[in-house]
Each structure stands twice: as structure tokens, then as C-alpha cells.
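Novice: Chains Y and G supply the protein sequences, listed in that same order.
Going by our numbering, the first residue of the first sequence is number 4, and it counts up by one from there.
Going by our numbering, the first residue of the second sequence is number 40, and it counts up by one from there.
Below, simulated SDA-like cross-link-like pairs (lysine to any residue); rule was C-alpha separation at most 25 Å, straight line:
(1) Y:LYS443 x G:GLU347
(2) Y:LYS443 x G:ARG424
(3) G:LYS202 x G:GLU392
(4) G:LYS296 x G:GLU144
(5) Y:LYS443 x G:GLY416
(6) G:LYS296 x G:ALA258
(7) Y:LYS84 x Y:ARG457
(8) Y:LYS443 x G:GLU381
(9) G:LYS216 x Y:MET140
Non-contacting residues of chain Y with respect to chain G, defined by C-beta distances greater than 12 Å in every case (computed):
(10) ALA61
(11) GLU82
(12) ALA108
(13) TRP155
(14) ILE198
(15) GLU261
(16) ARG270
(17) HIS299
Covered stretches of chain Y, going by a simulated chain G footprint (3 or more residues, C-beta under 8 Å):
(18) 321-328
(19) 336-349
(20) 367-379
Quick caveat, the hints were computed from the structure, so don't treat them as lab data.
Because the structure is a prediction, the values reported are computed rather than measured.
All C-beta atoms in this analysis are idealised placements derived from N, C-alpha and C, irrespective of residue type, glycine included.
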Amino acid sequence: MLAGLGDPTYNGSHVMIHVPRYLVAPALAFLGACAVSRGAPTADSLSALRPQYPSTYARRAHPPVLIRNATILTAAGPELKSASILLADGKVAAVGEDAAAPPGATVVDGTGKFVTPGLIDTHSHLGVYSAPGTRSMSDGNERTEPVTAQVWAEHSFWPQDPQIPLAVAGGITVIQALPGSANLIGGRSATLRLIPARTVQEMKYPGAPYGLKMACGENPKSVHAEEGPATRMANVAGYRAAFAEAEKYRKEWDEYLEEPDGERPERDLNLETLAEVLRGRILVHNHCYRADEMAHMMDLGREFGFRIRSFHHAVEAYKVADMLARDSVASSVWSDWWGFKMESLDGIPQNAALLQQAGARAIIHSDSPNAIQRLNQEAAKAMYAGRHAGLQVTREQAIRWITANAAWALGIDSTTGTLEPGKAADVVVWSGDPFSVYSKAELVYNAGRLVFDRNDPKRQYRTDFNLGTSDPGVGR
Amino acid sequence: MRRAALVPLLAVAIATAARAQTIAITGGTVHPVSGPRIEGGTVLLRDGNIAAVGADVAIPDGATRVDATGRWVTPGLIHLRTTLGLRLLDSGGQEETQEDVAEGEVKAAFNVAEGLDPASMTIPVARMEGITSAVAAPSDGLMPGQAALIDLAGARVDEMLVKSPVAMLADLSEGGKESGGGSRAGAVLRLRRVLRDALEYAQRKEDFRRARIQPLAAAAEDLEALQPVLRGELPLFVIANRRNDIESALRIAREFKLRIALYGGVEAWQAAPALAAANVPVILEPLTDVPSFDGLGARLDNATLLREAGVSVVAAQSDAAHFRDLRQAAGNEVRNGMPWEEALQSVTLAAAEAALVGDRYGSLDTGKVANVVVWSGDPLELSSRVEHLFIRGRAVPLVSRQTELLERYRRLPPTY
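Please model the entire structure based on the sequences and the hints provided.
Specialist: So, in C-alpha cells, the structure goes:
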């Protein structure tokens, strides 16, 4: 509930609609600055106002890194040829000019190579559906009831999932780990840096708002067919009932926190999450395939006063690209998946390109422990499918599908997703054009820390699970 | 409904083909696969076959010319592990669209061919990625049944069939364990019993008919269907991923003198010398390396390591939502160390040879079936696309349900 406010550097302006006074109080309490008026509820008195499983991410110090003479796709402007980028103190210090290497800097010869921002996957189940895929590690769907906004993906997340280093080797620096799609409302997501860690808290992206996973269509209605919802209309009734309750809950709590002399409302973890959606502080990520259902979900948002941040999968987004553009709703889509179920039947490879053409925000996501290793190839397929159909998509645009646009959907675009001075040094050095099937990520920097070097086995971390198995790791 | 939607497309395909019995593809960079590339080569297609390939091919009067200048010309891609025509919607609860499963654990007599839907909307989508032939395979059980090799054009099943059966399937992976009572060794035991009984059945058919024989491990029709496998004429495609499962498959092949290939082969790189010595092709998945207890040793360069050891490698992408990604799979073999020529081979000639149709398919050679693709560039590269596609010497229009959807929604709102 309080993600971000515990972090003094958090700039939540892109997320927050307004910040009620009471929401600032716990942050102040957390920082030890007792500015709360006498009689008001405080962290001492109220669990709801204490830090909630906060990030303990600590950036690791690294020497400055200068990558020279590379082709740089900044995701923020035109492609730069024979350019340099300087990484220092976890951030992009300079990009474009041929900067001199500061003392102690590591210099990387980028001749013939490409540099992009670290790739961001808005839709991953790494850690919640870990490998090896046994039933005991199936932690992504709390399918015991259709609305479970009280569960948080991070509490399932296994930092030793051996799929994590495979994704890192594909250039991924940040993921959104989501609950599955069995439920109408599946729970909170976590935005994580993909780094070796003992705990998920160490991976949590500081300041990232939470996401809420919602799901349309076939999955919830088939999983819950016996007790309901069993139809699409009951799906929508289910969302409405949940948010109607949340509306009431939010009002009770807002009134109590404004006037704490009254009776304290009971804490309800399910409604607490939904109330945060209504306050604009949790971003809705909505698994939704069909165009007509996306229209319903945008109407749902209008009814309760929130906005869907991104549809996910959205195989029919191209049919309503104009509406998605109008409502500033992003679409996290696959390049070309289709046909595995009825609601995916109309998937076409030009989906992302048609979204781009309509001025909507396109994102290529993986939803797969294999595809996440080649998100660049997935974006390439979508880009070329567009071009072959006469839709103009540049590399500069397509790189945003897996970087800047994804960062926006996760509410972290002020700090990562592009290679601009001041942004996090989340950087990939590719052996060649990242839109070529033959290119590989050679170096991956996560906030300046070298987390993968294809040519140095010592820089290819293995999870605990990898040890003592025949798993060869990611070196070859 | 979906048949009705596709009939016009197929009608166009057939009508086009009728006008183009002799086709000369000229000026392209020809990759015959069986030999070195030919710059500015001509591929001549006549009456469904390849009539000539080379730099100096005389073009007969009246031949339809296809200018492939600046283009790449290859054999059509062959996908050895699909459910094309058998499954439309892959996930559960949609059995209306699924025809690849029969009842029981040992279903050697079950051949998928009569369940194939030539009008399946999956087929044009696969074609548009240069796939011209595919194995449609059954699934489920210790012996899922017989697979069929089809060409991806035709209005009737018998028009599409290339070879049926093309292979018998057996599952010694995690998926087959249940048939063995819950253990790998149990599955192997049961497979041996079936094969032994099939041998006995062949020798004692009369006793079997008079019921003067102990009950056998499978029905007579299944034991009968296994005879070509036991004669080494019909390959047994064994689903096996773990090294010990692969070694079980090799042992059984030796014991019963079977011709086998591996489906999956996640840890095949660990058994590469034995696979090379036994001349066993591996039909593997270059886009998959997530470790599971069915193969903790998964690695992306499996194909490269196997080729370096002299094993014949065939690339596949058996996830139904991604059949179209076959050339991406081959491209990733190159990304992970395989020479480009071998990667192309792994989706053409090596596939044809594993299916025992290498004499008719898989390369651009005179006399072979004219399944030919003209690409805008390197077929393994994501930037390339199919520009012309010929199946049995006929041009197939590059349209699908997806291209119709694209055109309908290219401008919004659509004009229904």
C-alpha cells in the first residue's frame, strides 16, 4: 500500500492523481520525522500505516563504464552511430558524445555492437511459476476464489528460480512478476530488478507502484465455473461488485484518517488493495484478449474512476487501437501468438504495428520463460510484420516496445527505460543489431552492475537450484 | 463456418495452379541444400516436380516466369512435429477442435490421417512462414499412434498426404510415465512387452486367432500395426528428453533392431556420441531451454553440440501457438553456434531424411517434389518474408485468415 512513499527519492507524479494528506503521514513516520498531529493514527498504532514489505534493494557500487563507438538505440530519440555512453554511480552519466573515460573506468569497445536500454518485460511469471515446473512450485494462481486482491505475487516469488539468469542473459533488467489469470482479480504484481538476491525484497524496484492483475474472458469463467463466475457477464458483475465494495471501504478509511476520533474501520486486505486502485496508486494490468471485452473494462474504469494502465495479451487490441489511444491505455502484446484458445483466434502479427500507427502505446511482453530470453526477437518479428504490411515502424519505435513503453506501463519511466543522462544504467551491449535473429546480449548492466558477460563464465550467475545439476547455465 | 470461410482461398489456389504447370524461378540466389548455392540460378518446376536447377537452365516456351532477382530460393521448410490439421485450439476444454488423441495407452493402430482437416485455418498461417510440409502427430499415452506427413495444400486429405504413416510414436519421457504405472522403468518395461508381444503375434497369428495364446499386451490391430516398425521400415519416433530416457530408447532400438528418431532430446547433447554411432536423428526444440525434471540439462546449443558430434539434427517448434516460428528456431541454431547451412538443412533435408522421404523432399534437386520458397532475403532472418511459395509445383497464394483480419482493421473503424 505504501510502496514508494518509504523512498524519499520517489517521484510518483506520473502515478498519483492526488495525494491525500493521510497518505503522506506514514512516509514521514517511516523516516522518523514526527510531523503527524496529535491524535492522528500513526505507524505505532496502525498496521495499515506501517511500511508494507518494503524494498531493500541496494545498488552495488561499480567502476565507471564507458562503451565507445557503438550504435546506440536510446529509446528516447534517433539512433546514434559511432556513439559513446558513460555509466557512473548506477546511472547514465552521458550519452552521444565521445566522452573521455574517467579514472578507473572500464572501457568497452562497442565497434560493430549495438547498445540499448535494459529490456523490461511487463508480463512475467518467473519466480511464481518457477522451474522446474512441479506442482509444488505452482504459486501463481490463488484460484480458491475469484477475487483475491489480497494476495501479492512477491510472496510467492522464488529468487532462486533458475529461469532468472536465463532471462538476464537475454538482456532483461526489470520484470513485472504477476499472479496468473485464473481470477477476476488475481492480486498484486511486483516490479523487480533481475539481480541475484536472497529475498524478493532485495529485487523490488524502489519506488515502483504496485500493479493489480485482473483477467477477462475464458480463464476466470472456466476456473470458477462451478461457484461462479461461469459467464463473461458474471465476470463483469464480479469486478463491479468488488469495486463497489472497495468504493465504500475507501470512503470509510478516508473519513477515519481525516477524523480519527470516530470508530476505526476494520482492515480488509482485499479491499485495501482495491481502494488503492481507486486512489490511483496501484496500476491495473488487465489480461484481456478480445476487443469487445477491452471496451467493457475501459467502461468499468470509468464507472469507478480508475484507468486501466495496460491490457495484457490483448490479441485483438488492433481492432480498438483508436479507443486505446484515446484512453491512453497501453497494450502488452505478443508478437504473433494465436490460436491456442477461442479468444486468441484473431491474433495477427501486425498487432503492435497497428497500435503504433493508431498512436496507442504498444509493448511486447513475454508471458513465457522461453520468449523472455528473446524479447528482442519478438519485437523484431512484430516490427517486420508491420513493415511487410506497409506500416512504417522504425527501430527507434520498436525498441520502445520492450523498454520505454514497458517502463511507462509499470510506472517507472522517470527512472529507467531510456538511455538518457540521469536514468538508471540499465544497459545491454548486443553483438549486433538487436532486431536480428543472430544477435546476442553480450553485456548486461543492471543499474551499472555487470550482471552478465557472455564471454566470462564468472559473470554468469547460477541460482542455488543450478548447483550440482547437469544444467549447464547460460554460457554457451 | 471456418470451412466456408476458407473455400474461396483454396479455390483460388487450385485455379492458379492449374494455369501454371511449368514455372521458371529465375535470377535468385538458389540454396539447393544438397549442394553449394547458385548465384543467379534458375529452378524449373514442371508437373509438380523440380525439372531442373542450375545457373544455365533452358526455360521452355510458355513457362511462367517468376523473377527472383535479389531473392533467396530454398526448398520448402518441413516441420516434423506439429498438430497442423489436427488441432486448432490447443489448450484444454476445446475438444471440438482436437483430433490427435485416441483412447488407451497403446494405440499403435491409430492413424491420425482421417481426422485431418485440410481447411484448418492453421495451415495457411504456417505456409506463410515457408512451411510446405509437416508431420501431423498424435499425442498422449505410451504409444500415441501413427503420424502422417502432409503437404500443406489440398482440399482433401488424400491430396495432402505424402506418407502415412510416416512414423510410429512412443513416449519414454515424463509424459509416458503414467502408462508405466508411474515410473520411467515401468514405461520401458511396458514398451518392451508390447514389442515382444508384437513379435510373438507375428509368428503365432493362427494361435492368436484360436485364442491358444496368453493374452498379449495390446490389441491385435495394434500388434499388427507394429510389424513395419519391427521390420525397421517405419521409424519409431521416441519422445525422450532425459539422458537416461535417451539411453533406454537406444537400448530398445538395439534389442529390437528398430529405426528410431528422438522427439525432444533435451539432454541429447550428453549422449551425442552414442546417438551418432547409432545414426539416430534428433528432432529438437532450439527455442526451449527451461530446465525441468524431464531435462535439467537443457541448453540452447544442444543442436550445435549434436552436429559437432555428427548427429543428424532436425529443428522443430512443437508448441501449437508457434508452429510458424520454425525458421526462427533455425535462426537461433545459428545464433547458438551452428553453421548457417546446417541450420537450413535442419528444417529441410535432415527433416526429410528423418521422415525417410529424403529421396523426394528436402532439397532442390531434379526429380524431387517441387516444394519451393522464394524469400525476400535470408530465410532464417526475422526481417525476411516469403514472397512466393510453391507446393507440388503450384503457386499458393500468400493469404490467410490473418491477412484478411489485417485488411479489415487496417483503418478504424472498419467498414463491415
